[in-house]
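*Asks:* So the chains spell out like this:
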Amino acid sequence: MSNAPAMNPSALHLQNLACMRGGKTLFNDLSVVLEPGHLLRITGSNGAGKSSLLRMICGLLTPSMGSIQWGANSIHADRDFFHTQLIYLGHTPALKGDLSAEENIIAAGSLSGDDITSSMARDALVRSGLGHLASKLSRTFSQGQKQRVALARLQLAEDKPLWLLDEPFNALDQDANEALQALIKAHLTRGGMVALSSHQVVALDQIDRVVRVSL
Amino acid sequence: MSASLSIPKVMLAIVRRDLSLALRRKNDSLSALFFFVVVASLFPLGIGPEPTLLAKIAPGMLWIAALLAAMLSLGRLFADDFQDGTLDQLVLTAIPLPLAVLSKTAAHWISTGLVLTIASPILAIQFNLDSQSMGILLLSLLIGTPLLSLIGSIGAALTLATRGGGMLLSLLVLPLVIPVLIFGAGAVDAHQAGLPVDGHFYLLSAMLAIALFFAPIATAASLRIAVE
Amino acid sequence: MFSSSINWFKYAAPQRFYALSGTLIPYCVAVAVIATIVGLTIGLLIAPSDHQQGESYRIIFIHVPAAWMSMIIYLAMAFWAAMGLIFNARLASMFALALAPTGALMTFLALWTGSLWGKPTWGTYWVWDARLTSELILLFLYLGFLSLHAAIEDTRKADRSAAVLAIVGVVNIPIIYFSVKWWNTLHQGASVSLTKAPTMATQMLTGMLIMTVAFWAYSFAVSFYRCRTLILERERHTAWAQEAVK
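Protein chains in written order, with numbering that gives the first Met the number 0: chain B, 0 to 214; chain G, 0 to 227; chain U, 0 to 245.
Any given hint could be a false lead.
To be verified - Simulated restraints, written as ranges between beta carbons of each label pair:
{"#": "1", "chain 1": "G", "residue 1": "Glu49", "chain 2": "U", "residue 2": "Ile45", "range": "33 to 43 Å"}
{"#": "2", "chain 1": "G", "residue 1": "Leu52", "chain 2": "U", "residue 2": "Leu23", "range": "55 to 65 Å"}
{"#": "3", "chain 1": "B", "residue 1": "Met19", "chain 2": "U", "residue 2": "Leu204", "range": "50 to 60 Å"}
Simulated from the structure, these hints should not be mistaken for lab results. For every residue, glycine included, the Cβ atom is placed at its ideal position computed from N, Cα and C.
Let the hints inform the model, and build the full structure from the sequences given.
*Replies:* So this is what it looks like as structure tokens:
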């Protein structure tokens, strides 16, 4: 499926992270190391801070305490470069309703500095089983379809070491669920890293390269 | 896998995306335009249709109408992206965030401020402005409306996390754009009084240059705060 | 870069400031009261009446110090807000928020006394002169700061957003002042300026300076008090705060 070369990125170090939201401390003194080829599996009930932790890793949220290092440097050291090394798919599928699925993928890619052509975008959609939606406007899609279009970006993100996925299995049917797990496994095999939050139990949890964080 | 885009190409991609969105949803541009026209028409209705009086107040009045229309449209600069999650992606951009913000602001100006500027001569006719004054007005708006968009983008970013919405944005931004109003409308006034207008345009241009540099930085900082 | 390292102002700092300001407030109040008495005595009784404006000019003993304080407080507010933003120092942000209402009050006082001065002198309650107009815009900037802060639910987000606004305001103030001044000279020609103070007899200047000290001490006292209340409110989950309110 993928013929991207293997990667050897730096490790991700989370040190003494603390998160306070609305006056409550969600988590305190959280320290984790995520090595290449490993999966960071974040579990917890709603409101426990799973999304907050993912947002801290990509730099959208500043931790109340602690630091995050990518290799030897803080993630804030060269922010723009760090952004080219990751792809963050948040809770809401980030699609512009007035753009087609294809246009959305191209636009999202350009923000990361990737020159994604029309055929590449279409290709990714086809491989995700969404070829028929390529030229349709996103606001006509169901929640599940939107989620899958957002996830189709992963097909084109094989060269980005760090994948940050917030509840990616939401609204996916069985087939799409398995396809995503295969995609993630392939990324891990290549040496990439994935941080994933989900309140569902997935087969991925059974692989041996998993670091678990329970909030 | 995919080739890399240079910074200018990414900026252009952002501008094109936002312009496509603006074109597909002509609503926002047209609302701003209609608002401009309606407010401009209110003044004679409120003050009286006396031609010489109208010609005298026209510059200030048209400028204020443009200002208010711009304020109204600014609320949409980041709000949609904030709602549908694409603002996160913008903040995670691989180019410096101020440049991405500048691109969005430019696209926004093209779809609102520029439209108002182009429409202004037509409104100016209603107010008996001579053609030379119309030209000065057009030029002042051409330099002034980008300034409004730039300074307004700071307010738009700051008010993302608020419940206040449009009113609060106007309260925050209007005091800051008073200099633009003074020199913009002042240019046309000066021309009508037979005084030179160079000074006004130099100052407006200087303000624009400063805003082009500093406003995106302030807006970027505000966006980072808002998405947390 | 600073935000990911240790919080400089750890929990102890608001507590220490609470204690410190508590001891300082009585002294500030004392200075304010004494200075006001002395200042007003000079202003109302000792300073001679102006040969042009008679007795009505005496309002400058409140108008000018209030105007000065309105500017100084805005600068201080922006400074502390910036410190709170850059160094993630909660106490600095709290102090900025505590200063804002007093600054707005000073601005309002300057506007009101300016208006009262205008009536006997020029027959109108309001003149669009450069200084008064700038004061009015300054009032809008204060109101903007307070409104933005109030409109954002998350406290830290509110602090930081308002800080950006304050910094943008500070940078803008010279530009606004310059453009308003220019606007004023153009439209009114050789107009009288409300703030063209009568030639200063020494007693007048002394009186104004003493009143400024009084306003300054008052501002400190009130801001400290407000800040202490903010601290208690924000730290209410800590043991020392709960002890303090008993």
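*Asks:* Lying within 55 to 65 Å: is that true of the beta-carbon distance G/Leu52 to U/Leu23?
*Replies:* 59 Å, holds
*Asks:* So does B/Met19 sit 50 to 60 Å from U/Leu204, Cβ to Cβ?
*Replies:* 52 Å, holds
*Asks:* When you take the CB atoms of G/Glu49 and U/Ile45, is the distance between them in 33 to 43 Å?
*Replies:* 55 Å, violated
When held up to the earlier numbered hints, the structure conflicts with hint 1 and nothing else.
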